[in-house]
Amino acid sequence: MIRLIPYLLYLWIVGMHQVFLSDVTSIYGVSINLPALMVLLVAIYKSEITALWFAFVVGAVAYAGLPQVMGWHVLILVVLAMAVFHFRERINMESLKAKLLLVAGGIVLDNIAVLVLSRSDGFLMLLLTKGLPGVVYTALIAWLFFLFKEGRITLSKIKAIF
Amino acid sequence: MNWFTNLFARHWRNVHLTVISLLTIILIVGQSTVNPFLRQITVGTFYAPFATVKNAFLEYRSVAAENRNLREKLVETSTTLAMYEEAARENVRLRSVLGFEPPAGYSLIPAEIVSVSGEYIPMSAVINKGSSDSLRVDQPVINQQGLIGRISSVSANNAVVQLLTDPSNRVAARIAESREMGIIKYSAGSGMMLDNFPIGGDIKVGDLLLSSGLGGVYPSGLKVGTVEEVELPEHEVFAKIMVTPAVNFYSIDELFILKEAGQ
Numbered sequence: 001m002i003r004l005i006p007y008l009l010y011l012w013i014v015g016m017h018q019v020f021l022s023d024v025t026s027i028y029g030v031s032i033n034l035p036a037l038m039v040l041l042v043a044i045y046k047s048e049i050t051a052l053w054f055a056f057v058v059g060a061v062a063y064a065g066l067p068q069v070m071g072w073h074v075l076i077l078v079v080l081a082m083a084v085f086h087f088r089e090r091i092n093m094e095s096l097k098a099k100l101l102l103v104a105g106g107i108v109l110d111n112i113a114v115l116v117l118s119r120s121d122g123f124l125m126l127l128l129t130k131g132l133p134g135v136v137y138t139a140l141i142a143w144l145f146f147l148f149k150e151g152r153i154t155l156s157k158i159k160a161i162f
Numbered sequence: 001m002n003w004f005t006n007l008f009a010r011h012w013r014n015v016h017l018t019v020i021s022l023l024t025i026i027l028i029v030g031q032s033t034v035n036p037f038l039r040q041i042t043v044g045t046f047y048a049p050f051a052t053v054k055n056a057f058l059e060y061r062s063v064a065a066e067n068r069n070l071r072e073k074l075v076e077t078s079t080t081l082a083m084y085e086e087a088a089r090e091n092v093r094l095r096s097v098l099g100f101e102p103p104a105g106y107s108l109i110p111a112e113i114v115s116v117s118g119e120y121i122p123m124s125a126v127i128n129k130g131s132s133d134s135l136r137v138d139q140p141v142i143n144q145q146g147l148i149g150r151i152s153s154v155s156a157n158n159a160v161v162q163l164l165t166d167p168s169n170r171v172a173a174r175i176a177e178s179r180e181m182g183i184i185k186y187s188a189g190s191g192m193m194l195d196n197f198p199i200g201g202d203i204k205v206g207d208l209l210l211s212s213g214l215g216g217v218y219p220s221g222l223k224v225g226t227v228e229e230v231e232l233p234e235h236e237v238f239a240k241i242m243v244t245p246a247v248n249f250y251s252i253d254e255l256f257i258l259k260e261a262g263q
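Residue numbers (the numbering used here), protein chains in the order written: chain E, 1 to 162; chain X, 1 to 263.
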């Protein structure tokens with residue numbers, strides 16, 4: 001049961017993101033796709049079953065406001081988690097670029113799926129103005145996360161700069 | 001049973017995959033039945049705490065903005081109110097001045113006080129009229145309450161009024177009823193008093209004191225004050241009479257210079 005606590009915290013972060021972090025961190029309407037990013041990170045670092053269940057629950061939490069498409073979003077995130085898990089077995093996960101490419105690819109697919117499911121007009125325009133900049137923004141956050149996780153950036157190094 | 005446990009352990013991954021797939025299908029199919037229920041749980045658990053914080057913050061921000069606006073409005077309203085109150089006071093003063101008639105043979109030149117000087121009580125005042133407005137030295141200065149003083153010096157656009165509270169300023173006065181006379185003077189220690197009034201004179205507290213016209217500066221009949229206290233000391237020639245000035249020298253605003261006809 002204690003092992004679930006970190007995942008509950010991740011879910012609360014997703015909830016916080018959906019409630020106000022998304023608005024606060026968005027730049028010209030381009031926001032971070034945090035639910036997909038968290039699913040991808042869990043799929044990269046944890047077991048397949050954990051990643052699949054986490055993707056399922058994140059889908060249910062992140063898209064709680066859209067019950068009519070919640071199931072489809074859950075399906076997309078679960079498939080994404082499974083795909084990333086299988087990709088990670090076949091590529092060199094020591095490479096930062098490989099991990100970033102994996103995350104960026106996953107976010108691209110999720111953003112496209114989100115746009116398709118929203119059935120809004122001007123799909124291409126939305127993809128170019130929101131979807132792809134969103135991928136870059138999310139990949140930037142992922143890059144910072146990897147740098148922190150691998151110890152390339154530490155608080156003491158940041159303090160040393162200032 | 002053992003056989004079943006082994007089977008479950010061997011197909012552990014597939015069991016999870018099957019359960020997740022089934023649940024996902026249920027979510028896709030049960031859009032109107034299962035999903036609202038699930039939504040209620042997830043929103044209540046993962047959104048509600050942050051929504052409460054967000055709403056509290058937004059409310060705080062709107063209340064802070066409203067508070068700022070109200071403070072600005074309060075300052076504006078207070079300023080406007082102060083202006084209205086001042087206008088109302090001026091209105092009352094001007095209404096009382098409206099029916100004010102000068103003594104016969106004189107006309108009134110209205111003026112306003114620019115500055116007042118004096119250590120404990122105002123003793124002189126600068127007014128906004130001067131020789132260009134036909135003001136001359138020794139012209140009497142009054143308001144609707146009574147005698148204020150006289151012009152002591154004049155420049156082109158300003159003049160100095162020596163108030164009755166200046167100890168060097170004396171007014172020949174008489175009691176309105178008995179017509180007996182004395183000299184009004186002011187001393188810093190004891191205030192305004194009627195001097196040179198004999199012990200046996202007809203005087204009582206509350207008697208009205210008017211200028212007598214003697215001395216040539218002030219015309220007769222101007223209200224100077226009322227008798228406040230009468231002391232009749234033994235072995236003295238004159239009574240000691242305290243006077244309450246007709247004019248409140250602390251609150252003079254508009255005043256009038258008496259200009260003699262033909263001046």
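Keep in mind the hints are simulated off the structure, nothing from the lab.
Fair warning: this is a prediction, and the values are worked out from it, not measured in the lab.
C-beta: ideal position from N, C-alpha, C; glycine also.
Treat the hints loosely; a few may be bogus.
[As the list claims (entries may be wrong)] Anything over 12 Å on all C-beta distances counts as not near chain X; from chain E, calculated:
id	residue
1	49
2	77
3	130
4	148
5	155
[Stated by the list, open to error] Distance ranges between label pairs, derived from CB positions:
id	chain 1	residue 1	chain 2	residue 2	range
6	X	12	E	45	47 to 55 Å
7	X	44	E	144	30 to 38 Å
8	E	3	X	22	21 to 29 Å
9	X	77	E	148	52 to 60 Å
10	X	65	E	129	27 to 35 Å
11	X	77	E	154	51 to 59 Å
12	E	45	X	72	35 to 43 Å
13	E	152	X	57	28 to 36 Å
14	X	40	E	121	39 to 47 Å
15	X	25	E	153	36 to 44 Å
[Claimed, not checked] Here are a few chain X residues that face chain E, going by a calculated C-beta distance under 7 Å:
id	residue
16	35
17	37
18	178
Do the Cβ positions of residue 65 of chain X and residue 129 of chain E conform to the proposed distance bound of 27 to 35 Å?
For residue 129 of chain E against residue 65 of chain X, whose Cβ atoms are near 32 Å apart, the range 27 to 35 Å holds.
Is it true that the C-beta distance of residue 3 of chain E to residue 22 of chain X lies inside 21 to 29 Å, as the hint says?
24 Å, holds
Given the hint of 28 to 36 Å, check if residue 152 of chain E and residue 57 of chain X actually sit that far apart at their C-beta atoms.
Cβ of residue 152 of chain E to Cβ of residue 57 of chain X: about 35 Å, so the range 28 to 36 Å holds.
CB of residue 77 of chain X to CB of residue 154 of chain E, is that within 51 to 59 Å?
57 Å, holds
Non-interface claim for residue 77 of chain E: all C-beta distances to chain X beyond 12 Å?
The assertion about residue 77 of chain E is violated, with a minimum of 10 Å to chain X.
Beyond 12 Å from every Cβ of chain X: is that where the Cβ of residue 130 of chain E lies?
23 Å, holds
Verify that the Cβ of residue 148 of chain E lies farther than 12 Å from every Cβ atom of chain X, and report whether the claim holds or is violated.
24 Å, holds
Going by Cβ atoms, does residue 49 of chain E stay more than 12 Å from chain X at every point?
Contrary to the label, residue 49 of chain E does not stay out of reach of chain X, its closest Cβ about 5 Å off (not over 12 Å).
Using the C-beta atoms of residue 25 of chain X and residue 153 of chain E, is the stated range 36 to 44 Å upheld?
43 Å, holds
Given residue 37 of chain X as an interface hint, is its Cβ closer than 7 Å to any Cβ of chain E?
9 Å, violated
Residue 44 of chain X paired with residue 144 of chain E, Cβ distance criterion 30 to 38 Å
32 Å, holds
Mind checking the hinted window 35 to 43 Å against the Cβ distance between residue 45 of chain E and residue 72 of chain X?
54 Å, violated
Hints 1, 2, 6, 12, 14, 17 and 18 from the list above are not met by this structure, while the remaining hints are.
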